[in-house]
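Asks: Sequence lines, in order, name chains P and U.
The opening position of the first sequence corresponds to residue 1 in our numbering, with each subsequent residue numbered one higher.
The opening position of the second sequence corresponds to residue 1 in our numbering, with each subsequent residue numbered one higher.
If you're looking for bench data, these hints aren't it; they were derived computationally from the structure.
For clarity, every value in this text was computed on a predicted model and none was experimentally measured.
Heads up, a few of these hints could be off.
Stated by the list, open to error - In the DMTMM-like style, the derived pairs of lysine to aspartate or glutamate whose C-alpha atoms are separated by at most 20 Å in a straight line are: (1) U:4 / P:161; (2) P:294 / P:427; (3) P:294 / P:281; (4) U:56 / P:161; (5) U:4 / P:427; (6) P:294 / P:161.
Stated by the list, open to error - Here are the simulated distance ranges between beta carbons: (7) P:184 / U:17: 20 to 30 Å; (8) P:196 / U:26: 20 to 30 Å; (9) P:334 / U:116: 39 to 49 Å; (10) P:251 / U:19: 44 to 54 Å; (11) U:68 / P:187: 43 to 53 Å; (12) P:294 / U:49: 20 to 30 Å.
C-beta: ideal position from N, C-alpha, C; glycine also.
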Amino acid sequence: MDALLPALGNVFLPAALLTLLVGTLAGVVIGSLPGLSSTMGVALCIPITFNMPPDLALILLGAVYVSSVYGGSVAAILLRTPGTDASIATTFDGYPLAAAGRGGEALGIATIASLIGGIFSVIVLLVIAPPLSTIALAFGPQEYTLLAIFGLVTIIGVASERPLKGMLTAAMGLVLACVGLDAFTGIQRFTFGQSELFDGVPLLPALIGLFSVSQAFNLSIPAGGGILNDQSQPLQGRRLPPWQSIRRCFRTIMRSSVIGSIIGILPGAGTSIASFISYNEARRHSATPERFGKGEIEGVAASESANNAVTGGTLIPTLTLGIPGNAVTAVFVGGLTIHGMIPGPSLFTDHAETTYTLILSLLLANLLFAALGLWLCRYLIVITRVPGPVLGPMILIFSVIGTYALRNEIFDVWLTIAFGVIGYFMERWRYPAAPLVIALILGPILEVNFRRSMQISHWDLSTFFTRPLSLALCLLVIVALAYPLWSRWRRRKTALN
Amino acid sequence: MTLKWIDRGVALLLGLGCTMIVATGLMMRGDAGVIPAIAGSLGIFACLGVGITTCKRAGDDAPPTPLPIYRFSIWGLCVLGLMVLMVSVGTIVALLLFLLASLRLLAGLGWRQAISIAVVFTALIYLVFAQLLGVPLPTGQLSFT
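So here's chain U without its partners, still in its complex pose (with noise of 0.2 Å):
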């Protein structure tokens, strides 16, 4: 897909969002309303500007890089694996897991760099934020941080 549809379809989006937000602006108590009703017609005015470049544009066209679905897809369940595992697990028990699983799969390192590394980075997490700075981690089953 081109840069150009891309935009269209962002303005189209985003333009509705903003006329549904000075609707809801124009509605609300008050004054409360004026800043979130500046902002929507701001918006319109930029989606309607960026759409009709899009008609007159000859350069800048070109399409983003392709996105490589099977690496942001991994990325992806790594991420969100942290996510859960954080607050069901334990902070480090995620970070450790996380680390391992996206330097095997997306780094593509070796067993004992992918752990080695691993460990240590977690290691130095726990102790700067847990111990040195007292800062609190989220804790799961595994509790101790």
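Bound conformation, chain P alone (with noise of 0.2 Å):
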């Protein structure tokens, strides 16, 4: 803690403040256009800072990871295509507000959330990183079993209006989550003989053909259409959202932000399964459950606090175990080694003034953030006053480019358009595509835990509950599992009388 002092000084430093609003644009921008991840953000970065003292790259690694996990919500908001996947659930209510006129407040309340979660966790990772890197330890297959389970079971909240379809999205994505050569084994599986397929499905294509390649078709295809279901409305643009909006969701994005640090610490969670299990919970505790994935503003409140509460997380194992959380982190060391410096318990003292600097750079960037986001977004939601045939186009470009960029491969492309096509007709015949986009995510993970459970008890499901972590995820599920079943049963039993 005796770098702490030094560290902030070397914050404010002129040199520092502009490679951090550098960073944050740079962030914002790419995390806003489909297709360019975090991970890209901060790969694409790492060049550029070859020649930098190591203070100064930390600092725009951070800065960019951290503001491209916000930028995703911009797209997500108005136009309907998570700019990165840790932004799908916000589509869920962020694209109905928009399209009600409010994208003004939806995207305020996104940046509050994303300002308040990020801060969270940056406090989370300076203050308590180490104890909760050894609970991370803990966990072991069976546990991340029961994390994709309980991750899975959002689906019912995700599609409770059509609870069967949900279903069946969600197996459809779990079998196309089995594509590929298998881990254990090397047999292909549904491969067809397409060697761009061993790997399994790529995410981002299917994610940004389901959303945006939908959208775009959604947006072209009807003569006259647009974002805003009514184009005389007038448009909701303040630079900070209602204080009674705020405050209704300030639990939610306090309870969002705590799950969001937690999920990040876990090696491999990721932010999608952050905000989807946020989304849920919000979902869970509200007084107007039935109001969510139709323009709830505690729903975006829920997505984008947890998935920014994710960033800090996810530094906490790399920074002090040298366990990459996810892609960006793994990235991140790479990042950190090309300065010299070793991720693990010495960053915390061979390197401990830079460390420092890295952690209070995260907290004047989500700050920075919050400043960029408030001023732009009455800017911002003009986007949704075009005309649709005029924007489909581009967000239909978009997403071509940016697959593209994932991996150069044009099969990728095709893969995009062909899940835009299923998108588009799955909306018309109300199939929810959040499910088969969560299943996808948390396939591999439950396969390969649940493999590797298996093998180690010798094919006994006793492994589940005998011990204390996983025992506690098992009540977690059935508890998720019986909450909306019990909710119904009170809701009708309240009617009746």
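Reassemble the complex: the two chains are provided individually, in unrelated frames, and hints are given to aid placement.
Replies: Right, dumping it as structure tokens:
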């Protein structure tokens, strides 16, 4: 902690502030472009940092990381095209709000929620990083299996109006997650000899197709369509969301920040799981759960605070133990190593000043993207007034270029278009796309850890109930499954009375 | 066609697909087929549920809004053209032509407006992706990108 004061001085040097501003701006832009993920943003910046001092290099990478996660919310709310997979849950309520002319309020709440989530996670990183990382290390395959099942249970919340259709699309997502070379036996599963599918169905092309390309179809095909339901509606474009909205969302934001920070610490769990679980929890605790998915401001707050809370959480195992929590932090580890800093406990002893400079700069980056976001939101909502057939082709172009940029594979672009057509007809025929994506994300985590657990226990299913942590997660899954049924029964009883 | 009939068709088609997945999963070596079999079974149950629901459902059967076939075909041709041109003549030309076609035919803009938007947007894409971010774009015969 002796290094904290010199680090504070480092952060406020003019060069550091300028780097922070450039990184934050770049992160917001990268995050808001579909297909350009946080991982890609950080990776693109690494070559730029080669000749920079370590302090400035880490400030740049950290700023790009946190602000790109926030940037994903802009396109998710205004265009229903999540810039990153972390913002999928934001589209559920953000876009209906934008369509109702409340895009400014949704962007404002997303900014405030991201700011609180981000700051909360940085404080967690600063204060309780070491003890929390030891708990995360106690997570074995059994716990990860149950965590994935818990994530899948959120599908009940996401597809509550059509649970059977939700279950069907989730099953399709799980099947798609099985495509590729099996990690354990090496045999090909459902690849039909396509070498591009050996690594499985790539997540981002599927995600971009289902959400962005289908949205391009939705906007381009109807004559005279657009994002706003009623073009004569006045646009709500104030700088700050109303105080009542902030107050109503505060508990949700805090709960989601805690969930995001905890999930962030678990290696491999990721931002999308955190935002789905938080969204489901917000819905479960809400007095008006039926409004979720139709433009509930709390839904936006839950998803955005959770995904930004993950940013600090993922850095906990990365910095303290050298275990990257997700793809972005894996790239981040590369950035640290290039500058001669080996992630692990030595970061807090040998390079304490630089490490604390990074952590403090994350605090400032959160404040900076919030200021930037609140300033920009009144101008950005004008997008909702652009006619659909003008906006649609532009979204398609961003989706196509973004998908190609991921692996430089034209196959991925075809896959994106195919998923776009599927997504378009799914929406027309009222099949929810979100369960498919959730299952596609969680499928590999579930499969690998389930099979590991089974191999360790020699196919004894009681292994999930004999460990304290997995038993606790089991109970959590049961509660999450039983709660909607209980709440429906209670509502019916109240209505009868 | 009503939603009920669409749901029945989807349930039948996906149900058959899921049955094949379960069968394939059960035949896989080792435990490689466990999760595909579980996922397929879940799919069969869901298909059965959707199918049964269509038999007894009264509400939620409004037909989806009619598909504007002409506009859908034009849009489909534009997207197909974009994909083919991207790999044959290069991204920039393909984007320019795609935007021009869709803005003229679907948005109904005049030539001058359509050309201006197409040129400005394509230039923006080139500057941001190819120049600023260094993202490689598909190249064709005209290989400047």
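Asks: Are the hints correct? Go through all of them and say.
Replies: Quick rundown of the hints versus the structure:
Between the alpha carbons of residue 4 of chain U and residue 161 of chain P the distance comes to roughly 16 Å, so the proposed pair stays at or under 20 Å and holds. About 14 Å separates the Cα atoms of residue 294 of chain P and residue 427 of chain P, which keeps this hinted pair within 20 Å; it holds. Restraint check for residue 294 of chain P and residue 281 of chain P: the C-alpha separation of about 17 Å stays at or below 20 Å, so the hint holds. With a CA separation close to 17 Å, the supplied pair residue 56 of chain U and residue 161 of chain P stays within the 20 Å bound.
Only pairs whose Cα atoms come within 20 Å are accepted, and residue 4 of chain U paired with residue 427 of chain P is accepted, the gap being roughly 15 Å. Proposed proximity of residue 294 of chain P and residue 161 of chain P is supported: the alpha carbons are some 11 Å apart, at most 20 Å. Here the CB-CB span from residue 184 of chain P to residue 17 of chain U is close to 24 Å, well matched to the stated 20 to 30 Å. As the Cβ distance of residue 196 of chain P to residue 26 of chain U is approximately 27 Å, the hint placing it in 20 to 30 Å holds.
Between residue 334 of chain P and residue 116 of chain U the CB atoms are about 43 Å apart, so this pair conforms to the stated range of 39 to 49 Å. The hinted window of 44 to 54 Å between residue 251 of chain P and residue 19 of chain U holds, with their beta carbons roughly 46 Å apart. Between residue 68 of chain U and residue 187 of chain P the beta carbon distance is about 45 Å. The supplied range of 43 to 53 Å therefore holds. Taking 20 to 30 Å as the suggested C-beta distance range, the pair residue 294 of chain P and residue 49 of chain U conforms, at roughly 24 Å.
Comparing the model with each earlier hint shows no violations; every hint is respected.
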